[in-house]
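Student: Each chain is listed here by its residues.
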Amino acid sequence: MIAGSVAASLVLASPPARGWLESSMSAQMLLQLPLLAAIGVCSASAIPAAVRGALARWDRWGISGLLLASMTSLVWMLPRALDAAVDDVGVAAAKYATVPLLIGLPLALSWGRAGFVLRGVFLAETIATCFRLGWLYRVSPERLCSNYLLDDQQRLGDWLMVIGAALFLALMGKLLLGRFDFRTDAQAQEGRH
Amino acid sequence: MAALTMYPESERLSAGERAAFNLYMISAVILFVLMMLLGVIMRMAQGTWLEVPPDLFYQFLSMHGAGMVGTMGMVTTAVMWFFLRKYVNLHLWAFVANYVLFLLGALCIIGAIFLGRYAGLWTFLYPLPTHSMGMWPNASGAWFMIGYLLIGVGMLLFYLDAAAGLIRKYGNLGRSLGVQWLFGGTIDPEHPKAVVASTMVIIANSLGILAGAVVLVMYLVGIAYPEFKLDPLVAKNLTYWFGHMYINATIYMGVIAVYELLARYSGRPYAISRPFLWSWAASTIFVIIVFPHHLLMDYAQPRWVSITGQIISYSAGFPVFLVTVWGALANIHRSGMRWTMPSRLLILSMFGWAAGILPAILDGTISINRVMHNTQWVPGHFHFYLLLGVLPMALALMYHVMGSYRNQAPNSGADRLGLPLYLLGGLVFTLAFLAAGHLSVARRMSSHLPEWVFTDQMGAAGAILVLLAMIYFAARISIGLLRGPVSGHAAHAAA
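So the protein lines, in turn, are chains A and B.
Each step along the first sequence adds one to the number in my numbering, with nothing skipped, and position 117 is 1564.
Each step along the second sequence adds one to the number in my numbering, with nothing skipped, and position 148 is 182.
Hints are computed from structural coordinates only; laboratory data are not their basis.
Computed from a prediction, not measured in an experiment: that's the story for all the values here.
Incorrect hints may have been included.
To be verified - A few chain A residues that don't get close to chain B, going by computed Cβ distances all over 12 Å:
1) I1449
2) M1476
3) V1498
4) G1567
What the hints assert, rightly or not - Calculated lysine-lysine pairs in the BS3-like style (CA-CA distance at most 30 Å, straight line):
5) K203/B - K1621/A
6) K1621/A - K120/B
7) K120/B - K203/B
C-beta: ideal position from N, C-alpha, C; glycine also.
Next comes chain B alone, as it looks inside the complex (with noise of 0.2 Å):
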């Protein structure tokens, strides 16, 4: 079976492909380092080891947050490609596009704030991006946005280009999704789940992007035109929509990795089934709706959209986490797991997203939110799956093509204690964040009480440890995709 296949010729790399592969990891895992910077300082800020300025800090945050969005959905996109091309025609321009808009954005958002002093955070809400009370010039909001709307084009260019692949093997998205066997039916055993995967993440986020391309427009409409009023409450929707759907798929196109990899290093096959169809179709329409979980606290929202929020927020991520983190565990349980840097780094990413979704639905039941949703809580549950689901996701591949350059996984000593390191630093900073909510500690402030201050400290002091981390596994990545193959070695990269 061809999963099985430890480096498939299949996921061979040309010389063109090879090249925007590197640039975007390489770019990631800086960028990574770089803004973990940025929230080191911060957290050193809150916990009075670092004096920041409050105007400076808040643009320290909307750096923070629009350059870790962006860079996981940077990364995590190149986890979709890498898998998904082996099974449909996908197009090396659309990828690279996707890149460079990618850049120009970043661009944009980086001059944005460092030369224009934008420091309206990244779900910036009406009518911040153009009423600073001068802190920041509109032109400076203006650009922000332009930095999205190009973010967003680049990654609806590759999602056409993938739809398009889709579409001429499968018929059309419904029939890569699998809902032709929903309800019965002999499932194709070899029906990818990196295509299902990605088909979700295809019609989900192209509709976030959409709602981005509407009520970004728009703002700068209200820029040029002033007298022109959005609805707030509208215009929240809207960019939460956007906002929310674009972190979410950075979930589910990391989580490819997963069903892509885990069974190799297990060497036991990890099949498709009727639960994992039903677990995507169903998570294709509730992560669309699930946003308004992020506005319980909107009462002047309809009661009835609150509480779908609630009920959908239960219910979005949850058929997918369960078949996966269940798939995950039956299929490694006494399979004589290989385990090297790519199958650590895949175990803890499922660790990462089981322990982080929890705090994430209890902050989506009402009752629970009307207390915890302006305090620490909420960056807790964030950060615990992104930086120990989402980015091990996407490093776990990151170490399988250095590994396929040698036709050996990587494992040497230091990664074997960089990972450790990783872990102790990720559970303490995200665990601070998570005590600092129980305690009620307000979230985007830039000055905290003294009596808030342990947590900061703590939480400063995890987030060191993740730094020295990252910056380690940024220079092995780094040098070890850009070393390239070995000759005579390369199972598939030889190109």
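Same shape as in the complex, but just chain A (with noise of 0.2 Å):
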């Protein structure tokens, strides 16, 4: 898995790769970087369990990785950030190594450590980013990167509004007529009372 997970940073950091997927905005925001924290995701499993216990220790319910996943894409959801890692390789290195690694990486460590309220808050955070940078890049009167037309930073806008659209109804969905496992994070509650 590990071998696997080099593989596809090595493919996406190729220069084709990267040149298609920094050519816009939208492209570097809504696939890049997705693409780049499902490899963290990906590797998860090949992090041993003793890695793993010592991890769980600093990262009770799931509070830390998440804290820590939250804190860098606030980073990488920056213009200025997006703009840097496109004209400077020292950036776009730190992007390629942060991504998997501080965001996929804890993301799918501390998922299942977390209990119902701290999930609830990263989803609506997420869905309510959405629609605040959405609204930010549609009606911005001007260009936030240097690298990017303002066109393409109002299509990203508009993709933005979608995703958070998609994923409050998806949400809304599940609350009101989906099925919950509570199983998987028992021992998140059990630690609570």
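With the hints as a guide, bring both chains together as one complex.
Tutor: This is how it looks when you write it as structure tokens:
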């Protein structure tokens, strides 16, 4: 799995793939970053049990991991960071390292430890962030990235609104009509009493 | 039947729960007294009995609005928690976290107003929080909004914990709302009304909080990045979605006290029914989309939105109101009701809700709204149902819990005097607002024309009576709750 993750990272870092994925603001934010995070998620199964156990002690109820993923995501949502990752190879390297390791991996490790409330807060904030960023990108009168044009920025805003709405509808559908399995977070719930 | 046991064991408060419950309730009654004092000062200033500079008046109005709405939200959350915890597993940490975040939010709001001179009112309209024309710095507007965000996050934590409890027990929120029985099937007679009402509030108010979380942060972005301009109409829609939903939720959380307690005092079961489930299911949808009735004077709003606002405002609260009031009247009719403070307050709350909703529905009619919306008719309607409807629901629970500590419902002579005083003051106060609306007295104005002063003075007199009664209630309830259960007498609170 580690080999697969490294290979996938190398493919994404190859000049043709990188050139295409960074050719527009929408592609970088909605394809490249999620793909890098997915590599981190897939790598989680390769973490040895001993390391997982050690990490779990620092990640009670999944709070630390989800906080780390949120804070790192915050950095890579900033237009300045997206811009710098195109212009500066050092920032690009940081992106290729931090998005899988500090977003994808902690998400995979912490999600199962998180209880209903923490997951709910995380998802609600994700939906709200999609709407906020989408709104900001749609109506900002200026280009926020020097590498991308205003129409690209506005298109990204539209996509973020659509993604926020889709996430919201999926979450509402699940809450109102879905099935839930609380066994996965039973341990976390135990810890709350 | 458990519902007819006056003080059931399942409502027993452990030491930690009692401490949290007392924090909520005692903080609430103290805050109500303080906010009412601000209200009295404002009405006296409008009535020319007091001199209050306009800038201070608008600070008071901002504090009174935000403080009353927030406190009403806090106290009715405690009502919901008190009863819902009997049916599903709620975690005390979530209830306490909501309280702590409420207090932090309140501190931000108080600081923004009295240190930062914020005076843009509780439902600020864009671009007001940040374009004060020099009246207050942008930082004050920011702190005010951060206060709202903290209060919203606290309530969301509580709702998520409650949702987890409901889903664990019933499978999903649809089933806890009772949608599986809407079109047929045998309704489980033990399905608690408190569960149905709580589910509705969780769904509807979480959406309002989400809308608030989006628009408030965008206001903050506007402070950091002034070139970024919000569409004022979108910002107003989202602000009202959040604010209107939040204050509406207080009725639906408070009414749980009526569902749970009325049958015990009437001695007659208050059964769940299909119309009851239909009304709550319908209101779950309608109450989310009813807020455009506050935007009927925004002529840039698409016409269909305004028409929807009118139609939905007729149907949003009406089904629940109808089944609740009808159900309550049928329940107490010839029941040999035990008239003590909790039961009196419960019936008062039904009257306040019923009478308060009528001016609201009138104002939700476009042709009437065009004439009445910027008049004191509007504060008349919401003061009516909050002061005489929602607050008595919460007071009824407080008195009921005090009764549980002595195994006897409170009904002292002072209580019997305090309640009519509260009712009389409340009627004079709210009818003065409605009469002023009828006379086209503008709302949200610090200085009034001489022709308007009579209704202001009537309102101030009523408000003073309400304040006196509330001071008594606050002292009585604080002492009663702090004393705690008497060993050997307490039916459920001896932990």
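Student: Each of the hints needs a verdict: does it hold here or not?
Tutor: Going through the hints against the structure:
1. For I1449/A, the non-interface assignment is confirmed: its Cβ lies about 36 Å from the closest Cβ of chain B, beyond the 12 Å cut-off.
2. The non-interface label for M1476/A is consistent with chain B: the shortest C-beta to C-beta separation is roughly 18 Å, beyond 12 Å.
3. For V1498/A, the shortest C-beta to C-beta distance to chain B comes to about 30 Å, beyond the 12 Å cut-off, and the non-interface label holds.
4. A beta-carbon of chain B comes within 12 Å of the beta-carbon of G1567/A; the shortest separation is about 4 Å.
5. Annotation: proposed proximity of K203/B to K1621/A holds, straight-line Cα distance about 16 Å (limit 30 Å).
6. Among the hinted pairs, K1621/A with K120/B is consistent with the structure: their alpha-carbon atoms are about 25 Å apart, no more than 30 Å.
7. Simply put, K120/B and K203/B have alpha-carbon atoms about 12 Å apart, close enough for the 30 Å limit, and the pair holds.
Going through the hint list in order, the structure does not satisfy hint 4, though it satisfies all others.
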